[in-house]
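Trainee: Dock chain A against the given chain F, drawing on the hints supplied.
One-letter residues, chain by chain:
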Amino acid sequence: MKNLSKSLTNYPPSNCNFFGFNTTCSKDNLKEIREFLKMNLSIKHILDPTQNQIITAVDEICANSIIHANHENENKCIDIYLKYLENEVEIEIIDKGVFFDFSVYQEPLMQDLISNKQKGSMGLILVKRIMDDIKFSRHNDKNVCKMTKKLS
Amino acid sequence: MVLNTLTQNNIHILQVIGDLDATSSLILDGGLASAIEQNKKAIVIDCNQMQYISSAGLGVFVSYLSDFESKKIYFALMGINDNVRNILTILGLEKLIKIIDELPTIEL
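The listed protein sequences correspond, in order, to chains F and A. Each residue of the first sequence is one higher than the last, beginning at 1 in the working numbering. Each residue of the second sequence is one higher than the last, beginning at 1 in the working numbering.
I should point out that these hints are in silico values taken from the structure, not numbers from a laboratory. Hints should not be assumed to be uniformly reliable.
Restricting the straight-line Cα-Cα distance to at most 20 Å, the calculated cross-link-like pairs of lysine to aspartate or glutamate (EDC-like) are [as the list claims (entries may be wrong)]:
| hint | chain 1 | residue 1 | chain 2 | residue 2 |
| --- | --- | --- | --- | --- |
| 1 | F | Lys119 | A | Glu37 |
| 2 | F | Lys149 | F | Glu35 |
| 3 | F | Lys119 | A | Asp19 |
Pulled from the structure, derived: some chain A residues nowhere near chain F, Cβ distances all over 12 Å [what the hints assert, rightly or not]:
| hint | residue |
| --- | --- |
| 4 | Asn4 |
| 5 | Leu26 |
| 6 | Asn39 |
| 7 | Ala42 |
| 8 | Asp82 |
Using N, Cα and C, we set each Cβ at its ideal position, and we do this for glycine too.
One chain only, chain A, in its complex shape:
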């Protein structure tokens, strides 16, 4: 898995390329921790090139949900495929994590 970081429309974007599993989730964890430490106010995970997600990847998102809420950070998953959506739905996470198709405009 490759994790690219970029900024667009005032949004800190973490682009995941490949599978997000028990091995690669550690890389994403580092990327999210760093974004929060840098006081980013809008974080989007670009999943357009993410083929697979396991509970380890989902666990990274879940572990930061309370931080996103307390620090008022906008957080969303963008461009998830049908399989990833299905796994999120099985866990009920589609109700807890914002899912978007394209980058919104964020006023900071």
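Chain F on its own, in the form it takes in the complex:
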């Protein structure tokens, strides 16, 4: 029992380079996703503002997945994987909802959002400006959003 509590105290090990998190498609779980990211970015000494930027970008993609792709269906799941490569961090977000075709996405103008009193449409602008690379793909019945952020 002592050994178990010791290993839990040291979880995750600092030499680990791959972390995963799975939750259901409820907006209430976004905070847990952010906490998972914060814990695993902190142990790699990725600090603010980079840490918060990565958390924000992943939060935006997860919110879109939960709300738009999966219609907040709590019987569906979303997986988040965080991987450390040589000089960058790679994040994969996987779900089985409606596919988002990023190739036809057009960034809206801020002035149009203000004039139209729009509450949405800023999430992907943030993601594009924060992350260095973003790809959306479909593999069998799964949507995969893969994003990378270079670490200086």
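Mentor: Positioned in the frame of chain F, the structure of chain A alone reads:
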């Protein structure tokens, strides 16, 4: 997230405690809509205890900017932390939304 409402120096203050994300932004939206409906002429969002903001939270502010202008409502974010300021800057919103450190004196 908890949203407290108070009035000080003729200013309607909405105090956000916690994270402003896709879930909690709906509460703030209701608070701002209500303030505008009540013809409040000065609205400040107290962000001193707001740790995080997502685009959903920012979207609430953006959706009322034209109302603030047309109804001549003073609107500002007070006490934002460095992370929130960074996200506002990435979107260029620090040029469109007044950011203050403490409550001003408003003459109505």
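Trainee: Quick one: which hint numbers does this structure break? Sort them smallest to largest.
Mentor: 5 and 8
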